[in-house]
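2 protein chains.
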Amino acid sequence: MDEAFLHDCLFFTTNRLGRLITKIAEEEFASTGFSPMYAYLTRLVASSPGISQKELAEKLAIAPSTLTRFVDKLEMKQMVERRVQGKTVLVYPTDRGADMVETFREASNRLQERYEAVLGKDAADHLTTLLEESSDALERKH
Amino acid sequence: MDEAFLHDCLFFTTNRLGRLITKIAEEEFASTGFSPMYAYLTRLVASSPGISQKELAEKLAIAPSTLTRFVDKLEMKQMVERRVQGKTVLVYPTDRGADMVETFREASNRLQERYEAVLGKDAADHLTTLLEESSDALERKH
DNA sequence: ATATTTTAGTTGTACATGCAACTAATTGGC
DNA sequence: GCCAATTAGTTGCATGTACAACTAAAATAT
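Respectively, the protein sequence lines represent chains A and B. The first sequence: position 107 = 113 (the working numbering), numbered continuously. The second sequence: position 12 = 18 (the working numbering), numbered continuously.
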């Protein structure tokens, strides 16, 4: 059958891997009680207390509306706090949020070990670098 | 700020590129009236009339439930037809579906040209191959 | 100083996607 | 031949994600 068009398409192959690795990531983060993106958001906030939502959305490469809802949820679970400052919203970690950072780091490490065990460390690094560079290029040259 | 953990994480970098390229793909397919995944599903059905939903889900690397809903929508728009055969469902292209295949192929080509213009043809090919191989490896060694 | 434009954030809505639980059909063991 | 186990598909629900339209604040132009 003619299905080469799928395997040759960057849209398809990227999202296929995205679905696979998201599943693995969710497994490794399950014990933390948070999804990987929430964990990463918490880590960003903890490492830059008072960071604005705009910056967070940029760093996480998600739409502002998506970020609003993520922060809503983390605030409800008392992981972060909002402080409105004019038209911007500054986000701070709570004690609970700060306490979780180490747990999240451990889950990240387990995730990394897990895919490196399958792909090999060098191949995984190489792929990650290429993905990062490609995203940067596509964002720049829109 | 300490944000290396994002750029070093295959989960994050893959999904970031996924979001970017999905947006571009949706732009290029917009004129067809269908999202890229629906177009690809139609192409698979047209190139294998009578293919089962199970096979379609496998080839598209999506969950069976997701495929059910995609086929629902394509059937409503009279792009494909279901024929139940025992416990399996065979999917056939309608005339309209078959007629759209060329339009979808053109959109795929525009998409490919567009990201190759930014990334370079060789780099895009290389990345696509790596993504494909990595997905295969992760699926096998789960 | 006021009016216009830009910027940050939120909310409503839509869609892709998956999991768990379910139904129905087939297969395999005895 | 019947019962158990497997398989294919569907449905209900939850979640991540985006866009468009909106509000409110800040910056800019006149």
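One or more hints might be untrue.
[As the list claims (entries may be wrong)] Over 10 Å on every C-beta distance to chain B, these chain A residues come out as not near it, computed from the model:
1. N21
2. T74
3. Q84
4. G92
5. D101
6. R111
7. E138
8. A143
[What the hints assert, rightly or not] According to the in silico footprint, chain B covers these stretches of chain A (three or more CB under 8 Å from chain B):
9. 9-18
10. 24-34
11. 41-55
12. 59-73
[Said to hold, decoys possible] The calculated label-pair distances, taken between Cβ atoms and stated as ranges, are:
13. B:A143 / A:T109: 56 to 66 Å
14. B:A36 / A:E9: 15 to 25 Å
15. B:G56 / A:V90: 51 to 61 Å
Simulated from the structure, these hints should not be mistaken for laboratory data. Here the structure is a predicted model, which means the values were calculated and not measured. Cβ coordinates follow ideal geometry from the N, Cα and C atoms, glycine included.
Hint check results:
1. N21: Violated, because the least Cβ-Cβ distance between N21 (chain A) and chain B comes to about 5 Å, which does not exceed 10 Å.
2. T74: Fine: 17 Å to the nearest Cβ keeps T74 (chain A) off the interface.
3. Q84: Given a closest Cβ separation of 23 Å, the condition holds.
4. G92: Check passes; 22 Å lies beyond 10 Å.
5. D101: Nearest chain B Cβ is 19 Å from D101 (chain A), so the label holds.
6. R111: violated, 8 Å
7. E138: violated, 5 Å
8. A143: At roughly 5 Å from the nearest Cβ of chain B, A143 (chain A) sits no farther out than 10 Å, so the non-interface label is violated.
9. 9-18: holds (count 9)
10. 24-34: holds (count 7)
11. 41-55: Satisfied; 6 residues make the cut.
12. 59-73: n = 4 at 8 Å, threshold three: holds.
13. B:A143 / A:T109: 56 to 66 Å: violated, 28 Å
14. B:A36 / A:E9: 15 to 25 Å: holds, 24 Å
15. B:G56 / A:V90: 51 to 61 Å: Taking Cβ atoms as reference, G56 (chain B) and V90 (chain A) lie about 59 Å apart, which means the hint holds.
Checked against the numbered hints above, the structure breaks hints 1, 6, 7, 8, 13 and satisfies the rest.
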